[in-house]
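**Student:** Residue-level listing of the chains:
2 protein chains.
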Amino acid sequence: MQIAIVLFDGFTALDAVGPFQTLSPLPGAETVFVAEQAGPVKDDTGNLTFVAAKSFAEVTRPDIVIVPGGPDVPTHNDVLLGWLRAVDATTTWTTSVCTGSLLLAAAGLLKGRQATTHWLALDAIKEFGVSPTGQRVVFDGKYVTGAGVSAGIDMGLTLAGKIAGDPFAQGVQLMIEYDPQPPYDAGSPEKAPAEVVEKFRADTPAAS
Amino acid sequence: MQIAIVLFDGFTALDAVGPFQTLSPLPGAETVFVAEQAGPVKDDTGNLTFVAAKSFAEVTRPDIVIVPGGPDVPTHNDVLLGWLRAVDATTTWTTSVCTGSLLLAAAGLLKGRQATTHWLALDAIKEFGVSPTGQRVVFDGKYVTGAGVSAGIDMGLTLAGKIAGDPFAQGVQLMIEYDPQPPYDAGSPEKAPAEVVEKFRADTPAAS
Numbered sequence: 000m001q002i003a004i005v006l007f008d009g010f011t012a013l014d015a016v017g018p019f020q021t022l023s024p025l026p027g028a029e030t031v032f033v034a035e036q037a038g039p040v041k042d043d044t045g046n047l048t049f050v051a052a053k054s055f056a057e058v059t060r061p062d063i064v065i066v067p068g069g070p071d072v073p074t075h076n077d078v079l080l081g082w083l084r085a086v087d088a089t090t091t092w093t094t095s096v097c098t099g100s101l102l103l104a105a106a107g108l109l110k111g112r113q114a115t116t117h118w119l120a121l122d123a124i125k126e127f128g129v130s131p132t133g134q135r136v137v138f139d140g141k142y143v144t145g146a147g148v149s150a151g152i153d154m155g156l157t158l159a160g161k162i163a164g165d166p167f168a169q170g171v172q173l174m175i176e177y178d179p180q181p182p183y184d185a186g187s188p189e190k191a192p193a194e195v196v197e198k199f200r201a202d203t204p205a206a207s
Numbered sequence: 000m001q002i003a004i005v006l007f008d009g010f011t012a013l014d015a016v017g018p019f020q021t022l023s024p025l026p027g028a029e030t031v032f033v034a035e036q037a038g039p040v041k042d043d044t045g046n047l048t049f050v051a052a053k054s055f056a057e058v059t060r061p062d063i064v065i066v067p068g069g070p071d072v073p074t075h076n077d078v079l080l081g082w083l084r085a086v087d088a089t090t091t092w093t094t095s096v097c098t099g100s101l102l103l104a105a106a107g108l109l110k111g112r113q114a115t116t117h118w119l120a121l122d123a124i125k126e127f128g129v130s131p132t133g134q135r136v137v138f139d140g141k142y143v144t145g146a147g148v149s150a151g152i153d154m155g156l157t158l159a160g161k162i163a164g165d166p167f168a169q170g171v172q173l174m175i176e177y178d179p180q181p182p183y184d185a186g187s188p189e190k191a192p193a194e195v196v197e198k199f200r201a202d203t204p205a206a207s
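As they're listed, the protein sequences go chains A and B. The opening position of the first sequence corresponds to residue 0 in numbering that gives the first Met the number 0, with each subsequent residue numbered one higher. The opening position of the second sequence corresponds to residue 0 in numbering that gives the first Met the number 0, with each subsequent residue numbered one higher.
Chain A with its partners taken away, still in its complex shape (with noise of 0.2 angstroms):
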């Protein structure tokens, strides 16, 4: 089972660790992260680089995809949104977490279905005839999205349980010890302190 995960230049790290962290595990499982061209692929900060090892021509058929987000996913560039196409045509399951479900609306993927995405991009999918969700993790068919960020753990083990059973995925998250006790209850616009999301409301273009 190869796990394909993408990468592009401004692509949010945490997005794509969540995942690959718990998904990577899986028995039999070959996780191989791909971009446009094998090499370096700087983060959101640009002060993060992770290494592609394959180039999208490298990956053809992977069972698994997942796409990370980021502030400002290329929407436009058609050899990513080509590729995702394309190896749709034979995945067991593709995946986002944050605006990487963007990505796969742009790609055509999620016409009418129901998806998630981060925030502050809930209307922005809309444009792609995808209907959002509140739900932190959204299955439709075989497509899988996770909300914000750090979503994509929970995306993660969600999707693992379900490819190799409870206990399985019970067992990667006593590993990673995912037990969160966040230091405040701020980590989406209904809970976080009004003027907090203001300010974030405020800086964010209405589309992403």
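A few of these clues could be false.
Now the stretches of chain B that chain A is said to cover, found in silico as 3 or more residues with beta-carbon under 8 angstroms [stated by the list, open to error]:
(1) 49–62
(2) 102–115
(3) 167–175
Derived pair list, reagent style BS3-like, types lysine-lysine, alpha-carbon separation capped at 30 angstroms [what the hints assert, rightly or not]:
(4) A:K125 x A:K190
(5) B:K161 x A:K190
(6) A:K125 x A:K110
(7) A:K110 x A:K53
(8) B:K161 x B:K125
(9) B:K198 x B:K141
(10) A:K198 x A:K41
(11) B:K125 x B:K141
(12) A:K161 x B:K190
(13) B:K161 x A:K41
(14) B:K125 x B:K198
(15) A:K161 x A:K110
(16) B:K41 x B:K53
(17) B:K198 x B:K41
(18) A:K125 x A:K198
(19) B:K161 x A:K198
(20) A:K161 x A:K125
(21) A:K141 x A:K125
(22) B:K53 x A:K53
(23) B:K53 x A:K41
(24) B:K41 x A:K53
(25) A:K125 x A:K41
(26) B:K190 x A:K190
(27) B:K41 x A:K41
(28) B:K41 x A:K161
(29) B:K125 x B:K110
(30) B:K198 x A:K161
(31) B:K161 x B:K141
(32) B:K53 x B:K141
Some chain B residues well away from chain A (every beta-carbon gap over 10 angstroms; in silico) [unchecked claim]:
(33) P26
(34) Q36
(35) D122
Quick caveat, the hints were computed from the structure, so don't treat them as lab data. The structure displayed is predicted, hence computed values, not measured ones. Idealized CB from N, CA, C, for every residue including glycine.
Using the hints, position chain B against chain A.
**Tutor:** Here is chain B on its own, set in the frame of chain A:
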């Protein structure tokens, strides 16, 4: 304010990325990934490569040091341990995630202190004269240690709040949409099913 995140062959990716994603947004922060030599460094799965932007020799006075862990951390690497001791002399905060605390302990920085580590390494860290606690994030003076892997997110958010105030840290939590909803309640040995816990204990050598 310079934040140095240490890399070494066999690090666990999420250990590094949790604090990276929560601390690198700090106002005025410059985050640098650092290793014995600049260049590619492989994680514990061998499937994910980060690029260290600088060598230890190039980073001599970081304000914050973050040490990730891994299943087999290099507690006998004198270059790494020597660098940790040298920079610790002038850091504001010296921190770790998971078994990264074994490296701080092996460098002699945690002797007589309270700290935490991955649940499977709580006995191993005692051998360095450290008192492990059952807490997910432990502060002892300027030394901040997080429990296994995903605890780096909680560690980073907590430290971000101490440095830049609660509203700032709440904003970071909101941007990474850290509103955890794990599909299981198996994130600690006290909560996971006994047979899942025992499987890992049986597979793990007494000291990691």
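**Student:** For K125 (chain A) and K190 (chain A), compute the direct alpha-carbon distance and say whether it is at most 30 angstroms.
**Tutor:** With a Cα-Cα distance of about 23 angstroms, the restraint between K125 (chain A) and K190 (chain A) holds, given a limit of 30 angstroms.
**Student:** Please work out if K198 (chain B) and K161 (chain A) have their alpha carbons no farther apart than 30 angstroms.
**Tutor:** holds, 21 angstroms
**Student:** Between the alpha carbons of K190 (chain B) and K190 (chain A), is the straight-line distance 30 angstroms or under?
**Tutor:** holds, 26 angstroms
**Student:** Hinted pair, alpha-carbon criterion (30 angstroms max): K161 (chain A), K190 (chain B). Please report holds or violated.
**Tutor:** Holds, at roughly 21 angstroms.
**Student:** Take the C-alpha atoms of K161 (chain B) and K41 (chain A), compute the straight-line distance between them, and say whether it is at most 30 angstroms.
**Tutor:** holds, 29 angstroms
**Student:** The output says P26 (chain B) does not contact chain A. Does that hold with a beta carbon cutoff of 10 angstroms?
**Tutor:** Fine: 14 angstroms to the nearest Cβ keeps P26 (chain B) off the interface.
**Student:** Straight-line Cα separation of K125 (chain B) and K110 (chain B) no greater than 30 angstroms?
**Tutor:** holds, 9 angstroms
**Student:** Test coverage of the region 49–62 of chain B by chain A using CB-CB distances below 8 angstroms; three residues minimum.
**Tutor:** holds (count 3)
**Student:** Is K41 (chain B) within 30 angstroms of K53 (chain B), Cα to Cα?
**Tutor:** Given pair K41 (chain B), K53 (chain B) holds - Cα atoms ~15 angstroms apart, limit 30 angstroms.
**Student:** Is it true that the CA of K161 (chain B) sits at most 30 angstroms from the CA of K141 (chain B)?
**Tutor:** Given that 30 angstroms is the threshold and the Cα spacing comes to 11 angstroms, the pair holds.
**Student:** Check whether the Cα positions of K161 (chain A) and K110 (chain A) lie no farther apart than 30 angstroms.
**Tutor:** Answer holds: K161 (chain A) to K110 (chain A) is near 24 angstroms, not above 30 angstroms.
**Student:** Check whether the Cα positions of K125 (chain A) and K110 (chain A) lie no farther apart than 30 angstroms.
**Tutor:** Judged against 30 angstroms, a Cα distance of about 9 angstroms means the pair holds.
In this structure, the hints that do not hold are numbers 2, 9, in rising order.
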